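S.K.: The residues making up each chain are set out below.
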Amino acid sequence: MGTVGRVPFDAFNPTTYLRSWNFSDLPTEQRSKYYRETPLPDGRLLREYEIYAVDREIEIAPGMFFPAWTYNGQVPGPTIRATEGDRIKVTFRNAGVHPHTMHFHGWHPPAMDGALHGQEVQPGATFVYEFDADPFGLHLYHCHTVPLKRHIHKGLYGTFLIDPRGGRPPADELVMVMNGFDTNFDSENEMYAVNTVANAYMQDPIRVTVGQLVRIYLVNLTEFDLINSFHLHGMFFDVYRTGTSITPGERTDTIMLCQGERAVLETTFRYPGDFMFHAHQSEFAELGWMGLFRAVEAGSAG
Amino acid sequence: MPVELSRGRWLFALLPLVLLAALLAVIVWSGPADAVRGDGYPPIERLTFQRVTLEPGAIVATVLNDGPDAVSIAQVQVDDAFWTFATDKGQELGHLGRTTLRVPYPWVEGETHVLRVLTSTGTPFDHEIAVAVETPTISMRFLGVFTLIGLYVGVLPVAIGLLWFPFLAKLSARGMDFLLALTIGLLAFLLVDGAMEGLEASSLLPESFQGGVLFVLAAAGAYLLLEWVSALLKARRTGSGGWVLAVMIAVGIGLHNFGEGLAIGSAFALGEATLGTLLIIGFTLHNTTEGLAIVAPLARERQRVPVRDLITLGLIGGVPTIGGAWLGGFVYSPIWAVLFLAVGVGAIAQVIGQIARQVGREKSEARAFVSTPVMAGLVAGFAVMYVTGMLVG
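Protein chains in written order, with this note's numbering: chain G, 1 to 302; chain V, 1001 to 1393.
Okay, chain G solo, but in the shape it has when bound (with noise of 0.2 Å):
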């Protein structure tokens, strides 16, 4: 079973998303271009970012592509990761031929909302969303432009992390978004995801290390079926719905999320190899939502 072929990486690479954030992925002169940071008085920092739409068709599963709308020319949109209490300022710019928006889970004014009547962004203008990162927990942001299930689906969306201050435990994190895409637009989807490629981590598995802290912002975005599921084999992990506390709420091996909902996963590896993991409705799995880690002892090659 499975996808046949391989998707190129040169536009998108779902193994390097997994770890980026405020474009950490881009290097350093060029990512100066879409983030800044600026100390504030006060302590807090200033986090400045260039966003922008734009329509780009993206390779979903092997030799299939999809007409997009994307941020920044990628689907799942750039994280934004900050901390509690800072200063964001987004810059948003519409190079799309479709008026869009951005609009942020968390506390914030309605005048930043980017969801009320008027608030689109026309083609080719620009508005700056400007607030402050709070709560901390795993959020989202995502066009909010009507038709809203088209917007969604066409790709506008992406993960908004804020950590606590003095932040989490080290770990190695990871970020996953579950998403499907419709090819027919019959409201239906053809196709499941995390990050967007089918079956990318079957084909690359996610190496980890055993015995290191995984810290997994599970994020679902995907548009038409009422829920996604996160399972993963041999092993159970700590579950912090929305992110929003420091102390886990269950442990499970399988967790279900409404779209817009998120948690974060913790656990470790105890034994090296392969662990698979999916969403646990079989049929999603099958259609491209399923993925592998490859755990590896410290210190081994791998």
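Misleading hints may appear alongside valid ones.
Said to hold, decoys possible - Taking lysine to any residue and the SDA-like style, the derived pairs with C-alpha atoms no more than 20 Å apart in a straight line are:
hint: 1; chain 1: V; residue 1: Lys1234; chain 2: V; residue 2: Gln1354
hint: 2; chain 1: V; residue 1: Lys1089; chain 2: G; residue 2: Val4
hint: 3; chain 1: V; residue 1: Lys1089; chain 2: G; residue 2: Gly5
Claimed, not checked - Under 8 Å between C-beta atoms, here's a sample of chain V residues computed to sit facing chain G:
hint: 4; residue: Gln1075
hint: 5; residue: Ala1081
hint: 6; residue: Phe1082
hint: 7; residue: Ser1120
hint: 8; residue: Thr1121
hint: 9; residue: Gly1122
hint: 10; residue: Thr1123
hint: 11; residue: Pro1124
hint: 12; residue: Asp1126
To be verified - Covered stretches of chain G, as calculated for chain V (at least 3 residues, CB under 8 Å):
hint: 13; stretch: 49-63
hint: 14; stretch: 180-190
Derived from the structure by calculation, the hints contain no laboratory data.
Note that this is a predicted model, so its numbers are computed, not measured.
Note that the Cβ used here is the ideal one computed from N, Cα and C, for glycine as well.
Assemble the complex: chain G is given as a structure, and chain V must be docked to it using the hints.
M.R.: Same frame as chain G, now just chain V:
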């Protein structure tokens, strides 16, 4: 002067062709359709499943691109799951290009599976395998099975029908009118039946094959061909009028039975029909009346007909069923069904015309048809076919 004139005529014959070629070149070069469609317009993608067969642990499907644009096959899903596949002629299909996909899938006997081909734009094309059954391969066993089916539904019933000959030969003139009218009724039913089946099969063809047009042209062609053959036979006086007509009817029925055999064989092979005993009985009863139709014109002449000739007629009418079943079972594609059913329809139409002329030989046709025996015969013929046809449907 005459030489120059003829040269000039040739020039005028060629000029439009040259201009047409130039026009085509301009169209291809300038691409007016592209100008209308613009850059972002998705290609028009159309894939048609040609033949889908099941082997142990594998689904094999031949797909044809009958759309105007090139189609690139990206992935395959079976029952909502991505599945690996291999192709024999690659994944890029130009206009009317075809390729055979081999999907190693553990299909389940007797259950339904849906094969989905996804193109580079993610457009899905689905084919439902209604009841999964292993597709017969050419083996002695299946040859035997199809031959037996052909014998049951084609050869034997027609032969049995022929045995009415001695009885028919002693009928009165009114009885004979009834008989000929009965034959017309039988054939009229087959005409309608074949046309419906043929048009139904033509709707399964890729659009580029223009199934409906193909059907009508093949039927008309067969009609004209048989007119020509029968005129030829009569001109050469190679037999009595009755004999020629009997042969014509046998050929028409044989072609029809070939189409019927195709349908039976393919349905059997593709698991779309369980060929139950009732269905076989239905076809057997149905086709016995075809034997009657063949011998009717001979009976009218009140001559002795050698048994050998009767056997020949029976074989012409019945044996094609076996060939049809073989072809349908092993290499079925709807285009064969359309062609043979069309040829059968054309042939039967021609034969109906021939018999009608016999009925009306003494009087005007209109008056001949309003007689009681003829009307009764027509109704009876149609009714017999209708009732026995119910067993098949």
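S.K.: So, for every hint listed, does it hold in this structure?
M.R.: Results of checking the hints against the structure:
| no. | hint | in the structure |
| --- | --- | --- |
| 1 | Lys1234/V - Gln1354/V | 12 Å, holds |
| 2 | Lys1089/V - Val4/G | 16 Å, holds |
| 3 | Lys1089/V - Gly5/G | 16 Å, holds |
| 4 | Gln1075 | 5 Å, holds |
| 5 | Ala1081 | 3 Å, holds |
| 6 | Phe1082 | 5 Å, holds |
| 7 | Ser1120 | 5 Å, holds |
| 8 | Thr1121 | 6 Å, holds |
| 9 | Gly1122 | 2 Å, holds |
| 10 | Thr1123 | 5 Å, holds |
| 11 | Pro1124 | 6 Å, holds |
| 12 | Asp1126 | 11 Å, violated |
| 13 | 49-63 | holds (count 4) |
| 14 | 180-190 | holds (count 4) |
Consistency with the previously given hints fails for number 12 only.
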